[in-house]
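Engineer: First to last, the sequence lines map onto chains A and B.
The letter at position 118 of the first sequence is residue 118 when you use our numbering, and the numbering goes up by one with no holes.
The letter at position 314 of the second sequence is residue 314 when you use our numbering, and the numbering goes up by one with no holes.
These are computed hints drawn from the structure, not numbers from a lab.
The structure presented is a predicted model; accordingly, all values stated were derived computationally and were not measured.
Watch out, some of these pointers could steer you wrong.
Unchecked claim - Quick list of simulated restraints, FRET-style, between CB atoms:
1. B/Leu128 / A/Leu212: 21 to 31 Å
2. B/Ala67 / A/Ser201: 34 to 44 Å
3. B/Ala67 / A/Gly294: 46 to 56 Å
For each residue, glycine too, the CB sits at the ideal point set by N, CA and C.
Each chain, letter by letter, is given below.
Protein chains: 2
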Amino acid sequence: MSANPSKVLVAGGAGFIGSHLVDRLLGRPDVGRLVVVDNLWTGARENLAHVDDGRFALAVTDVERFATEERFDEIYQLASPASPQWYMSDPVRTISANVMGTMRLLDLLAPGGRICFTSTSEVYGDPLVTPQPESYRGSVDCTGPRSSYDEGKRCTEALLSEVARVHGTDVRIARLFNVYGPRTKPDDGRAISNFITSALSGEPITIYGDGLQSRSWGYVDDIIDGLEKLFWSVPHGYAGPVNIGNDREVPVLTVAQYVASLIPGARIVHGEPAPQDPSNRCPDLTLARSLLPGWSCEIPYEEGVRRTLEWFAARLSPPAAEGGATPDPGA
Amino acid sequence: MSANPSKVLVAGGAGFIGSHLVDRLLGRPDVGRLVVVDNLWTGARENLAHVDDGRFALAVTDVERFATEERFDEIYQLASPASPQWYMSDPVRTISANVMGTMRLLDLLAPGGRICFTSTSEVYGDPLVTPQPESYRGSVDCTGPRSSYDEGKRCTEALLSEVARVHGTDVRIARLFNVYGPRTKPDDGRAISNFITSALSGEPITIYGDGLQSRSWGYVDDIIDGLEKLFWSVPHGYAGPVNIGNDREVPVLTVAQYVASLIPGARIVHGEPAPQDPSNRCPDLTLARSLLPGWSCEIPYEEGVRRTLEWFAARLSPPAAEGGATPDPGA
Chain A
1 MSANPSKVLV
11 AGGAGFIGSH
21 LVDRLLGRPD
31 VGRLVVVDNL
41 WTGARENLAH
51 VDDGRFALAV
61 TDVERFATEE
71 RFDEIYQLAS
81 PASPQWYMSD
91 PVRTISANVM
101 GTMRLLDLLA
111 PGGRICFTST
121 SEVYGDPLVT
131 PQPESYRGSV
141 DCTGPRSSYD
151 EGKRCTEALL
161 SEVARVHGTD
171 VRIARLFNVY
181 GPRTKPDDGR
191 AISNFITSAL
201 SGEPITIYGD
211 GLQSRSWGYV
221 DDIIDGLEKL
231 FWSVPHGYAG
241 PVNIGNDREV
251 PVLTVAQYVA
261 SLIPGARIVH
271 GEPAPQDPSN
281 RCPDLTLARS
291 LLPGWSCEIP
301 YEEGVRRTLE
311 WFAARLSPPA
321 AEGGATPDPG
331 A
Chain B
1 MSANPSKVLV
11 AGGAGFIGSH
21 LVDRLLGRPD
31 VGRLVVVDNL
41 WTGARENLAH
51 VDDGRFALAV
61 TDVERFATEE
71 RFDEIYQLAS
81 PASPQWYMSD
91 PVRTISANVM
101 GTMRLLDLLA
111 PGGRICFTST
121 SEVYGDPLVT
131 PQPESYRGSV
141 DCTGPRSSYD
151 EGKRCTEALL
161 SEVARVHGTD
171 VRIARLFNVY
181 GPRTKPDDGR
191 AISNFITSAL
201 SGEPITIYGD
211 GLQSRSWGYV
221 DDIIDGLEKL
231 FWSVPHGYAG
241 PVNIGNDREV
251 PVLTVAQYVA
261 SLIPGARIVH
271 GEPAPQDPSN
281 RCPDLTLARS
291 LLPGWSCEIP
301 YEEGVRRTLE
311 WFAARLSPPA
321 AEGGATPDPG
331 A
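All chains should be modelled from the sequences, with the hints used to inform the complete structure.
Structural biologist: Pasting the structure below:
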């Protein structure tokens with residue numbers, strides 16, 4: 001595809017989404033080298049254990065402290081915890097991974113290179129507009145308990161957008177909405193993986209609040225399809241943020257009930273609402289459809305939940321995995 | 001006042017507001033040492049030229065790169081450009097001064113120390129609510145041309161608020177509204193100093209847009225009174241952001257006309273509106289009045305403008321300063 005194979009860096013490439021992106025990138029014959037930088041805080045070495053490719057290298061370090069003389073043609077910045085219990089436990093590190101991490105990555109960009117960033121629907125906060133178009137400025141409490149993540153992401157968007165404006169750097173920004181699927185950490189803390197791991201362990205499925213808060217559940221394969229198109233495979237030259245997610249909005253309770261229906265003995269309980277938990281979240285996909293023709297989230301949550309359950313079941317209790325997702329609920 | 005004199009650091013202490021804060025701090029007998037860290041990007045050595053005090057030291061460096069073994073009991077973080085033409089010219093440095101600068105300062109805080117931050121009304125963006133209470137989440141375009149400043153400040157508020165929540169650090173945050181007065185740089189680019197320096201130089205006073213956008217003009221002495229109370233002289237223990245400003249909202253055009261009335265030959269022209277210039281800005285001072293009884297902005301803009309004009313006139317054309325602000329308009 002190219003006489004000069006691309007040198008690629010994926011920060012956070014051992015994470016849930018990052019490792020799927022690595023798989024996709026290694027499918028490109030024009031990639032000559034792929035370096036993952038990950039401190040394994042919320043990522044895991046096992047997410048990349050299947051990679052057997054001479055082009056691949058893993059550097060275990062904080063991205064903002066990654067020391068190298070190499071320069072990269074494509075940089076993907078996914079280094080950040082993404083689950084409230086993780087980022088709320090170390091807000092300084094969360095902001096540092098996003099903002100300082102991106103500053104460091106800008107230093108590592110080869111002339112004419114491209115930097116791509118996975119931002120979040122959390123930049124919209126608890127939205128007063130639904131669905132949320134990219135032009136919606138959001139409703140984020142910049143001193144609230146979720147602010148290290150929300151504002152770290154917003155500030156990184158600002159940094160990259162202004163670098164694009166001032167220096168002409170090729171920047172791509174995706175705002176991801178509630179991604180789920182295989183390779184989520186069992187202790188990640190987000191809804192679908194929580195429901196599944198709780199039920200598989202014989203614990204009750206806990207819903208924080210009444211469960212009527214809705215989310216747009218994007219199965220990871222669909223999301224990676226969107227990222228591939230936005231970041232490298234569709235020529236578009238658009239520098240602003242683009243929503244990437246599923247616009248089928250489904251209440252948390254509905255998903256929990258579906259998980260419970262798949263696992264014998266599973267039951268649902270309600271806990272205290274999470275602090276500043278948004279009441280709704282749904283992407284306006286007008287821009288994505290216009291920039292990335294043919295892309296949409298194809299996998300309904302029912303199918304995605306089943307696939308995720310199979311993955312967790314195989315992981316948590318291997319013998320049961322052969323016959324599907326029916327482990328001993330008392331295990 | 002204290003057996004252990006305080007060690008104080010003021011980042012950005014050679015700047016317009018910072019240097020006034022330094023003067024106020026040096027009036028405290030309990031301050032044993034005061035280190036200003038300033039890279040003189042938008043600050044100026046001359047703002048501190050009058051300081052003749054053995055407790056005082058100036059370190060000329062970026063705050064985020066300030067190397068020292070000292071630890072400080074009180075840290076004041078004012079290191080940031082504050083005028084659009086300056087921060088839009090170097091957004092990376094702007095974000096770095098705020099976010100990375102504050103991370104560095106947190107490392108320099110002595111156990112039990114206090115860190116105080118001057119945030120901005122820009123965290124409200126182009127507000128849809130007026131006046132703006134601290135609880136208003138704002139309307140900031142996080143990828144717009146003002147975003148390095150707005151989001152750099154928001155992210156720093158997040159950083160400090162979360163450090164207070166997680167580590168119990170004593171944090172104080174002031175959101176300042178359109179401060180003006182002596183020691184503004186002649187090329188600062190903000191409204192009142194621009195109007196005055198233009199008119200004193202015989203240039204037309206340029207208003208960007210129709211001038212009907214309103215601002216809350218806070219004379220620097222009033223603002224420093226508020227900061228003194230919020231940051232050290234009134235016991236309150238409040239960690240959230242507090243609006244500090246003048247709640248008398250006055251259109252830009254009115255101020256320009258007042259400046260023009262003081263300077264013979266001055267005339268007003270209109271230019272293109274500044275990008276994403278907010279249409280209004282006015283602090284809700286309910287919280288400030290409750291926390292800081294007795295504080296309010298006492299100096300009306302007419303008086304503040306006259307004082308600022310006198311300062312600029314003495315600076316730009318010394319002979320005219322003796323008789324007031326009536327330099328040769330053709331100079």
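Engineer: Using the beta carbons of B/Ala67 and A/Ser201, state whether their distance is inside 34 to 44 Å or not.
Structural biologist: 50 Å Cβ-Cβ, so the 34 to 44 Å window is violated.
Engineer: Per the hint of 21 to 31 Å, is the separation of the Cβ atoms of B/Leu128 and A/Leu212 within bounds?
Structural biologist: holds (27 Å)
Engineer: Kindly confirm whether 46 to 56 Å is satisfied by the beta carbon distance between B/Ala67 and A/Gly294.
Structural biologist: holds (54 Å)
In the structure shown, a violation is registered for the earlier hint numbered 2 alone.
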